[in-house]
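> Listed here are the chains, written in short residue letters.
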Amino acid sequence: LSERSINILLVEDDQVDVMNVRRAFEKNKIANPLLVAEDGVEALELLRSGKVGRERRLVLLDLNLPRMNGIEFLQALRADPELRSTSVVVLTTSNSERDKVAAYDLNVAGYLLKPVTFGNFVDLMASLNKYWTLVEMP
Amino acid sequence: MPSAAQSAHPSPVPPPVEANLTALYGAMMQAPLLLCVLHGPQHVFTFANPRYQELFGGRELVGRSLLEMFPELEAAGIRAMLDGVLRSGESFVGTEVQVDLDFAGRGQVERRYYDFVYHPMKQGEETTGILVIATETTEAVLARRTAAEQQARRTAQLQRLAEAAVAINSAGDEEAVVREAVVQAQALLGGTVSHREGAAPDTQGGLVAPLRSADGRALGALHLQARSGEAPSAEEQSILVQLAQQASVALQNARLLREAQEREAQQARRTHHALLAADVGAALTRTTDLREMLQHCAQALVARLDASFARVWTVNHAEAVLELQASAGLYTHIDGGHARVPVGSFKIGRIAASGKPHLTNDVQHDPQVGDREWAKREGMVSFAGYPLTLDGQVIGVMALFAKKPLPDDALQALGAVADAVALGVGRKRNDEALRRSEQTLKTLSDNATLGLLLMDARQHCTFMNPAAEEILGLTFEDVASRDQPLHDLIHHTRPDGTPYPMAECPIDRALPARNQEQGEDLFVRPDGSFYPVSFSASPILNAGVPVGTVIEFRDITVQKRAEAERERLIRALERTNAELDQFAYVASHDLKAPLRGIASLAQWVEEDAGPRLGDQGREQLGLLRGRVHRMEALIDGILDYSRAGRVRHKSETVDVGALVGEAVDLLAPGPGTRVNIAAGLPVLEAERVPLQQVFMNLLSNALKHAAREGAVVGVGHRPVGGGMHHFSVRDNGPGIAPEYHEKIWNIFQTLKPRDRVEGTGIGLSVVKKIVESRGGRAWVESRPGEGATFHFTWPHRVTEELS
Chain A
205 LSERSINILL VEDDQVDVMN VRRAFEKNKI ANPLLVAEDG VEALELLRSG KVGRERRLVL
265 LDLNLPRMNG IEFLQALRAD PELRSTSVVV LTTSNSERDK VAAYDLNVAG YLLKPVTFGN
325 FVDLMASLNK YWTLVEMP
Chain B
25 MPSAAQSAHP SPVPPPVEAN LTALYGAMMQ APLLLCVLHG PQHVFTFANP RYQELFGGRE
85 LVGRSLLEMF PELEAAGIRA MLDGVLRSGE SFVGTEVQVD LDFAGRGQVE RRYYDFVYHP
145 MKQGEETTGI LVIATETTEA VLARRTAAEQ QARRTAQLQR LAEAAVAINS AGDEEAVVRE
205 AVVQAQALLG GTVSHREGAA PDTQGGLVAP LRSADGRALG ALHLQARSGE APSAEEQSIL
265 VQLAQQASVA LQNARLLREA QEREAQQARR THHALLAADV GAALTRTTDL REMLQHCAQA
325 LVARLDASFA RVWTVNHAEA VLELQASAGL YTHIDGGHAR VPVGSFKIGR IAASGKPHLT
385 NDVQHDPQVG DREWAKREGM VSFAGYPLTL DGQVIGVMAL FAKKPLPDDA LQALGAVADA
445 VALGVGRKRN DEALRRSEQT LKTLSDNATL GLLLMDARQH CTFMNPAAEE ILGLTFEDVA
505 SRDQPLHDLI HHTRPDGTPY PMAECPIDRA LPARNQEQGE DLFVRPDGSF YPVSFSASPI
565 LNAGVPVGTV IEFRDITVQK RAEAERERLI RALERTNAEL DQFAYVASHD LKAPLRGIAS
625 LAQWVEEDAG PRLGDQGREQ LGLLRGRVHR MEALIDGILD YSRAGRVRHK SETVDVGALV
685 GEAVDLLAPG PGTRVNIAAG LPVLEAERVP LQQVFMNLLS NALKHAAREG AVVGVGHRPV
745 GGGMHHFSVR DNGPGIAPEY HEKIWNIFQT LKPRDRVEGT GIGLSVVKKI VESRGGRAWV
805 ESRPGEGATF HFTWPHRVTE ELS
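From first to last, the protein sequence lines stand for chains A and B. Counting in this note's numbering, the first sequence runs from 205 upward without gaps. Counting in this note's numbering, the second sequence runs from 25 upward without gaps.
Bear in mind the hints are in silico, worked out from the structure with no lab data behind them. Don't be surprised by glycine CBs; every beta carbon is placed ideally from N, CA and C. Treat the hints loosely; a few may be bogus.
Restraint-style ranges between C-beta atoms, simulated for each label pair [what the hints assert, rightly or not]: (1) B/651 / A/252: 50 to 56 angstroms; (2) B/706 / A/313: 38 to 44 angstroms; (3) B/519 / A/252: 52 to 58 angstroms; (4) B/631 / A/313: 54 to 60 angstroms; (5) A/316 / B/631: 42 to 48 angstroms; (6) A/314 / B/740: 23 to 29 angstroms; (7) B/558 / A/313: 55 to 61 angstroms.
Isolated chain A, as found in the complex (with noise of 0.2 angstroms):
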C-alpha cells in the first residue's frame, strides 16, 4: 500500500476548503496522508524540510493565498533544483485565463475550478484519486 500511497500537500488557507477535501477523502475512502499548508511559504518549508514524504509528492495548490500565492509558489517550486519536479495539481476558484496559463507554464499537472457544491467535490476528489493512482511519478 505505502508502494503506492500519495504524499499529498494541500495549500490552501479556506479552513472550510480544507474540510471540504478531507470530507471529500472520507467519502471517497482516500486513506492517502493530507498535509496541509496555509500558504506558499509554509507549502515550500514542509516540502524542504521533509514533513512531506520525499516520494510520490502531489501538491493541491490554491492560488490566492497570503504571503506567498499559488503562481509564486510554483516559480519557487520550479526554480528550486530539488523541488522542480514536483507534481502540482491547482485547485482554485480562478477562472480566469492568466491564471491558468500562468499555471501551465510553469508546469501544473492539472487545472481543477473548486466545485461549488459538495457532491461535485466528492465527484472530483474520487476522480483524481482514481487519475494520480494511475499516473507515474517520479
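Got chain A sorted already, so can you dock chain B onto it with the hints?
Relative to the frame of chain A, chain B by itself:
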C-alpha cells in the same frame, strides 16, 4: 437887210441890178430851199417860195404876219431870234432847231427840225426885213435820234445782263444758282420762266435754253413760256441763251466750290476723327476705372463729333439690363430715367438685343426715337447708337445725339470707336476679373491658417503667406535677403544636433522626384528651437518641366500635445480596465469562496445532523443552498457583463451553424423541446467566445421561457446590407408586453420572480453589450401570448477599428 445875229458878215456883193434881181428871183422861186422874206417888226411875209409855202399847206403867206399866224412861235423863241436879227442887223444861223407847229393848219401840231439862216435885209443902215433860208433836217435829226436811243437801250440791256450774270454767279449753291437764273430771266424777259430738269425739255412753243456742265452734260434747261399770240423775239432768245450760259458757268463754279468746301470739311472731319481715335485710345489705355474710361470716351465723342451729348451703357447680363456708365455733353448725370434700360426695350435696349447699330439723320421723324417732342424742342437732328460687341456678344451700347446730320465718315468713325471701346471694356472686365481673382487669392493666402510657401527650382523661397511667416518666425524679406535654399533656413538641423542635409529632405525631394510628398517633420526656428509640422510638398510642372514647389504646412505642436494626451488617457484607461479586470477576478474569487463554504457547511450540517434535523430544517437548508447558487450566478453574471464589451478575442473563422449546435448541446434542452436551427447559417470571421455567449444567453433565455408543453425554439438568419448578418432566436413562450421591450435589456431586470424562473437579469444586458460593442444592434419583437423573437446583427468581418 439886217444880217443874222450869229455868224454875220458883210455882204461882198454890191446891190444887184434889176436883171440880176429878176434872175435871182426866178432862182429863189425854184430853189429846193425854203425861202421867204419877212418884213418889219411884225415879220410880215413879203416873199415865200413855193417850197416854203408848201410847208404850210400851200396857204397864201405874203402879206400875213408870221407871228399872227403862229403865235406859239413866240414861246418857242423864234420871235426872239427874228427880233434879234432886226435889232442887230446881223445874220443868225440856227441848226436843227426844233419847231412844233400846226404847219398845215389842220389842227395837228407837227415837230420838225430845220437848219436855217436869218439874213438881215437893209435899206440904208436900217434893217427892215429878214431873208430866211432854211432846209428841213427833220429826217436826219429823227434818224440820228433813233440810232442814239437804240444804242442806249442796247447798253442798258447789256448792263442788265451783266448784273444778272453777277447775281447768278454770286447766288451760292447750285440750287440757288438755278433759282436766281429763273428770277433774272423772268426779270429780263418779263414772261414766265421756269427751270426744267432733264436733257430735252419739251418747248411747247416757248423758248428753251439748255444748262450744261463744263464737260457738256445737260443739267436741265431754262424755259420761257410762249406768250399768247406773240412769237418770242431773237433778242429774247439771245437773252435766254446768255442767261443759260451764265447759269451753266455759275453752276459749274458752285459745284467746284461745293466740292472744294466738302473736301475741306471732310479733311477737317478726318482730323477730328483722328483726334477722336486718339482721345479714345488714351482713355482706354490710361484710365483704370471702367466708368472713368467710358466718361472720357463719351466726352471725346461730344468734342470730336460735334455731338450734343453722348452716353455709354454696359450690359448686366445677369439682370438683362443696360447700366448707364457715362454721359457727356448736354447731360452728364448717370442716374435717372436712362440709368437702367432693359435689354430689348427702347432704342438703346433694342440695339443691345439686336446687336445692330441704329442711325438716323432725321431724329424728329424717326419712330424709333421715343421722345420726338424733346428732339424737336432741343433741335436734335441725328442719332447714332452702336452696340459694343465683343466676341459676338453685346456688352454695351454707345449712343449720341447731334444737332447736325452725321456724315457717313462720322458714322464709320463712330463704328470704329465702338469696336475700340468694346475691346477696352472687355479688357477692363478681364483686368477686373484678374484683379478680383488676385484679391481672392490674396484674401485666401492672407487669412489661411495653413502656412503656404512657394519655392523655385533652386529650392529658394519665392512666396510666403502671413501664416507661414508666423509659423516659421521669419518674414519673406528675411528669407529673400538670404539668397539661400529655404531648407538651410528652417530645416538645417535635426533635434539631436546633427545636420539635416537637403538631399535627405522629403520636401526638397518633391520637385526632382515629380511626386507629391506628405508627412511630418521638425523645423527649426531662428532661435534654434524645434517644432513639429505636418507638410505637403507638391511639385509644379510647367509643360512637364519642374519649375517649383508648393508647400502647405501646419505647426502641429498643439496637435502633437493632444495626441500625447490621448495616448496618456488611453494608457490610463487601459490601466483602469486592468484594475477593473483584477477587481472582477478578485471579487469573483473572494465572493465565491465564502459562498462555497456556506454551501458545503449547509450540506455537512444536513449530513451530520441527519434524522435529528426534521423536515423543516432540511427544507430551510435546501433554500439556503439555492440562494447560494443564485448568488454564485449573480457573481458570474457581473463578471460576464464587465468583460462583455471590454475583453477582445482574436477573430477566427466561425461556422455559426456549428456554434449554435454546440450551444444547444451544452444547454441540454429537456425532452419534448424542439429546437429548429435554420439551414445555411453563415461562416463568419468573428470572435468565437462573445458570439457563442450571445447565442448561449439568448437560447437559454428562450428555453427557459418556452412553453412547458411542446416547447419550440427557432434560430433564424438572413444577410443584411452593410456587411452585417441578422440573427434571430424565437420561442413560443408567453411573450413580453411592449412596455417591457426596452426594460428587459437593463442589467438585473427580470420579469418573473426568481423563485419561479431562475434568472439573474444579466443575460440580455450582456447580449446587448457584446452586440453593440461589435457594431451590431439587439432588439425584441413580441406580443403577449405570441412568444418572443430576439434579434441581433453581427458584422460579417471584424473591422480593424473594432478588433
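> Next, verify each hint and record whether it holds.
Against the structure, the hints come out as follows:
{"no.": "1", "hint": "B/651 / A/252: 50 to 56 angstroms", "verdict": "44 angstroms, violated"}
{"no.": "2", "hint": "B/706 / A/313: 38 to 44 angstroms", "verdict": "41 angstroms, holds"}
{"no.": "3", "hint": "B/519 / A/252: 52 to 58 angstroms", "verdict": "56 angstroms, holds"}
{"no.": "4", "hint": "B/631 / A/313: 54 to 60 angstroms", "verdict": "31 angstroms, violated"}
{"no.": "5", "hint": "A/316 / B/631: 42 to 48 angstroms", "verdict": "23 angstroms, violated"}
{"no.": "6", "hint": "A/314 / B/740: 23 to 29 angstroms", "verdict": "41 angstroms, violated"}
{"no.": "7", "hint": "B/558 / A/313: 55 to 61 angstroms", "verdict": "57 angstroms, holds"}
Going through the hint list in order, the structure does not satisfy hints 1, 4, 5, 6.
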